[in-house]
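Novice: For this one, chain A is given, so just place chain B on it according to the hints.
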Amino acid sequence: MAKNPNAAKLGEVGEEFVARSLTTKGMRVLDRNWRIKEGEIDLVVVDREGTIIFVEVKTRSSISHGDPLESINNEKAFRIQRLALAWLATHQRLGSRYRIDVAGILVARSGEFLMDYREGIL
Amino acid sequence: MTLARTISINLLGLKGEPIEIEVDVSNGLPAYSLLGLPDATLSESRDRIRAAILNSGRNWPNRKVTVSLSPAWLPKSGSAFDLPIALSILTASGQLKESDLSKAFFLGELSLEGNLRPVRGVLPTLIAARDRGVKRVIVPKENFQEAGLLKDLEVLAFSKLSHVINFLESGVRAENPTLIDAPKEVAKHDMSEVAGHIENKVALEIAAAGGHNLLMIGAPGSGKTMLAERFSTILPPLDEDEAIEVSGIHSIAGTLKDRNVLSTEPPFIAPHHSTTIPALVGGGSNLIKPGACSLAHRGVLFIDEAPECDSGLLDALRQPMESGSITISRSALTASFPARFILLLAANPCPCGRFAGRGRGCQCTSLQVRRYLAKLSGPLLDRVDIRLRVENPTRVELSTSSTERSETIRNRVIRARAIAAERFAQEPFRLNSQIPPSFLREKYRPSKDGMALLHALLDKEELSARGFHRTIRLSWSIADMIGAIVPGKAEVERALLLRSGIPGE
Numbered sequence: 368m369a370k371n372p373n374a375a376k377l378g379e380v381g382e383e384f385v386a387r388s389l390t391t392k393g394m395r396v397l398d399r400n401w402r403i404k405e406g407e408i409d410l411v412v413v414d415r416e417g418t419i420i421f422v423e424v425k426t427r428s429s430i431s432h433g434d435p436l437e438s439i440n441n442e443k444a445f446r447i448q449r450l451a452l453a454w455l456a457t458h459q460r461l462g463s464r465y466r467i468d469v470a471g472i473l474v475a476r477s478g479e480f481l482m483d484y485r486e487g488i489l
Numbered sequence: 109m110t111l112a113r114t115i116s117i118n119l120l121g122l123k124g125e126p127i128e129i130e131v132d133v134s135n136g137l138p139a140y141s142l143l144g145l146p147d148a149t150l151s152e153s154r155d156r157i158r159a160a161i162l163n164s165g166r167n168w169p170n171r172k173v174t175v176s177l178s179p180a181w182l183p184k185s186g187s188a189f190d191l192p193i194a195l196s197i198l199t200a201s202g203q204l205k206e207s208d209l210s211k212a213f214f215l216g217e218l219s220l221e222g223n224l225r226p227v228r229g230v231l232p233t234l235i236a237a238r239d240r241g242v243k244r245v246i247v248p249k250e251n252f253q254e255a256g257l258l259k260d261l262e263v264l265a266f267s268k269l270s271h272v273i274n275f276l277e278s279g280v281r282a283e284n285p286t287l288i289d290a291p292k293e294v295a296k297h298d299m300s301e302v303a304g305h306i307e308n309k310v311a312l313e314i315a316a317a318g319g320h321n322l323l324m325i326g327a328p329g330s331g332k333t334m335l336a337e338r339f340s341t342i343l344p345p346l347d348e349d350e351a352i353e354v355s356g357i358h359s360i361a362g363t364l365k366d367r368n369v370l371s372t373e374p375p376f377i378a379p380h381h382s383t384t385i386p387a388l389v390g391g392g393s394n395l396i397k398p399g400a401c402s403l404a405h406r407g408v409l410f411i412d413e414a415p416e417c418d419s420g421l422l423d424a425l426r427q428p429m430e431s432g433s434i435t436i437s438r439s440a441l442t443a444s445f446p447a448r449f450i451l452l453l454a455a456n457p458c459p460c461g462r463f464a465g466r467g468r469g470c471q472c473t474s475l476q477v478r479r480y481l482a483k484l485s486g487p488l489l490d491r492v493d494i495r496l497r498v499e500n501p502t503r504v505e506l507s508t509s510s511t512e513r514s515e516t517i518r519n520r521v522i523r524a525r526a527i528a529a530e531r532f533a534q535e536p537f538r539l540n541s542q543i544p545p546s547f548l549r550e551k552y553r554p555s556k557d558g559m560a561l562l563h564a565l566l567d568k569e570e571l572s573a574r575g576f577h578r579t580i581r582l583s584w585s586i587a588d589m590i591g592a593i594v595p596g597k598a599e600v601e602r603a604l605l606l607r608s609g610i611p612g613e
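Chain order of the listed sequences is A and B.
Here the first sequence stands for residues 368 to 489, where the numbers follow my numbering.
Here the second sequence stands for residues 109 to 613, where the numbers follow my numbering.
Excised from the complex, chain A in its bound form:
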């Protein structure tokens, strides 16, 4: 999606970081970068209770353009939900419990990751 190769790289790094941290919490990754015409879901995981969690990952290297989470407005949130339903339909999982989370990742100069994770944004 991102035109700038560096930005694409940054996004990938961020998604990798989120995926790893969720796995350590006992979640299982079902899908990554699932893409259809309408858009893309960064991360689909399932937790121990079987709730399917769709995660939108926003990665930035500085807050000069604001906090990463601020870029997710209502419109974007609803689009993620439509994509989530599309994913569930495609995988014959409609009717299962699901949730939409957002992870804001800030990559510091030092290479350190700062994660701001918000559950159930809708």
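Bear in mind the hints are in silico, worked out from the structure with no lab data behind them.
Among the hints, a few may not be true.
Stated by the list, open to error - Here are a few chain A residues that face chain B, going by a calculated C-beta distance under 8 Å:
no., residue
1, Ile403
2, Asp434
3, Leu436
4, Glu437
5, Ile439
6, Ala444
7, Arg485
8, Ile488
What the hints assert, rightly or not - DEER-style ranges, computed between Cβ atoms:
no., chain 1, residue 1, chain 2, residue 2, range
9, A, Gly462, B, Ser207, 44 to 52 Å
10, A, Ala374, B, Ala180, 39 to 47 Å
11, A, Glu379, B, Leu145, 42 to 50 Å
12, A, Ala374, B, Asp147, 54 to 62 Å
13, A, Ser429, B, Ser382, 37 to 45 Å
What the hints assert, rightly or not - Below, computed lysine-lysine pairings styled on PhoX-like, alpha-carbon distance capped at 20 Å:
no., chain 1, residue 1, chain 2, residue 2
14, B, Lys211, B, Lys249
15, B, Lys249, B, Lys259
16, B, Lys556, B, Lys597
17, A, Lys443, B, Lys172
18, B, Lys172, A, Lys425
19, B, Lys249, B, Lys365
Using N, Cα and C, we set each Cβ at its ideal position, and we do this for glycine too.
Specialist: Below, chain B without anything else, positioned relative to chain A:
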């Protein structure tokens, strides 16, 4: 602490309604919602507050911020909520303690830089807050002088949000402005500047003493406006409560800049004849602002070229003239403002203005002349007790310089009003112009021979019933001026002359 609450005041007219501000910071996506029918100014507060908080070295909570102003059904307006909302957000996000927020009542608009900017209507807002038990208030520095009028409040003024935060956290006041004493007021005008017009000045003096409305008719340049502009200088000064009330109205209208907050000079308001009804009586959809007639409260409303006004404009003044206040209703709310003023009207005698003296050079037809003054409606003129013909001063009058100063006249007016106030001690009214008709016929009737004269005129149908009452009111003011206990025949005759300055009636 994710919830913070504080109290503010929303103004409806001069009356303040308490508003509870609640701020909740919860774990959703970064968002800001403002609930409780905010108007455009208030909705824009988000961006002001956010920038101000960041530029004051604090953090904006990157979470879901919900601000609720209750009662929810009441439309709210203005930027005075900026400061209390900002401080509530800081408290709800854990950057201030809950006890800090209850240390004062807050008022002020924020600039992006984090400066506190002055707001309108500080006086009435703080009066409402004080009546609800507020002891200490924090206001923008520019509003300090105004807020300082309320002696029983501890008023702290700051010019920066960061200074307010510092004060709440540590009690250190970065700023400590002091009240400036009212500058000695130098009257811009004085009656002594007007040459001649001896009779007219006496008529103005009587109008001032009794609170009578007055109409002046005269050629352009004869001195109508000069006389009117100096009328407020012969009115008694306002007492402290009245001055605060007048400053409060001007504070809401945002015209306090033109007027010293401590001024005891009665206001003189002269709207142009092209003014609109909302500008005259007050209006506006969200924030109802006082109009010219409320700005002239306890002072003078002067309308020059009165017959040039749109029809209906002057008649809109009839209700406030009757009740001393004006109530403005809009779909969402109703506001009342006091409006007790002396109305001065000035008019040319005809459209071309030259139908005066010997009427030389007047181009108007007699029909035009008659129609011109007929634009002033009967019910309005009914409330105007004195009609004057203002003639150009003569050569002799223009060359005599020794005329009375306003102060001398004002002292006589104060004395006359004191006499009336003593007489009316048990009554609900204070001025002669306010005596109800029933009182005029019974309790406050002139002497026997004065009454006989009026009755004779009534019998000859030369005096209408309302003319009868008005003449008696006026005769009381004349009696007060000369110190007579009851108006006699001479005072009644004088009154008859004053109200018959214009043929017709």
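Novice: Against each hint, give a clear statement of whether it holds in the structure.
Specialist: We went through each hint and held it up to the structure:
1. Ile403: This interface hint is violated because 23 Å lies over the 8 Å limit.
2. Asp434: holds (4 Å)
3. Leu436: holds (5 Å)
4. Glu437: OK, holds: A/Glu437 within 8 Å of chain B, min 5 Å.
5. Ile439: holds (5 Å)
6. Ala444: A/Ala444 check passes; min Cβ-Cβ to chain B is 7 Å, inside 8 Å.
7. Arg485: holds (6 Å)
8. Ile488: Because about 5 Å separates A/Ile488 from the closest Cβ in chain B, which is inside the 8 Å limit, the hint holds.
9. A/Gly462 / B/Ser207: 44 to 52 Å: Given about 50 Å between the Cβ atoms, the range holds.
10. A/Ala374 / B/Ala180: 39 to 47 Å: holds (44 Å)
11. A/Glu379 / B/Leu145: 42 to 50 Å: With a Cβ separation near 46 Å, A/Glu379 and B/Leu145 satisfy 42 to 50 Å, so the hint holds.
12. A/Ala374 / B/Asp147: 54 to 62 Å: Given range 54 to 62 Å: violated, Cβ gap about 41 Å.
13. A/Ser429 / B/Ser382: 37 to 45 Å: Roughly 58 Å apart at Cβ, these two residues miss the hinted range, so it is violated.
14. B/Lys211 / B/Lys249: holds (18 Å)
15. B/Lys249 / B/Lys259: holds (17 Å)
16. B/Lys556 / B/Lys597: Holds, because 8 Å separates the two Cα atoms, which is no more than 20 Å.
17. A/Lys443 / B/Lys172: holds (16 Å)
18. B/Lys172 / A/Lys425: The hint holds at about 17 Å.
19. B/Lys249 / B/Lys365: holds (14 Å)
Against the hints set out earlier in the document, violations occur for numbers 1, 12 and 13.
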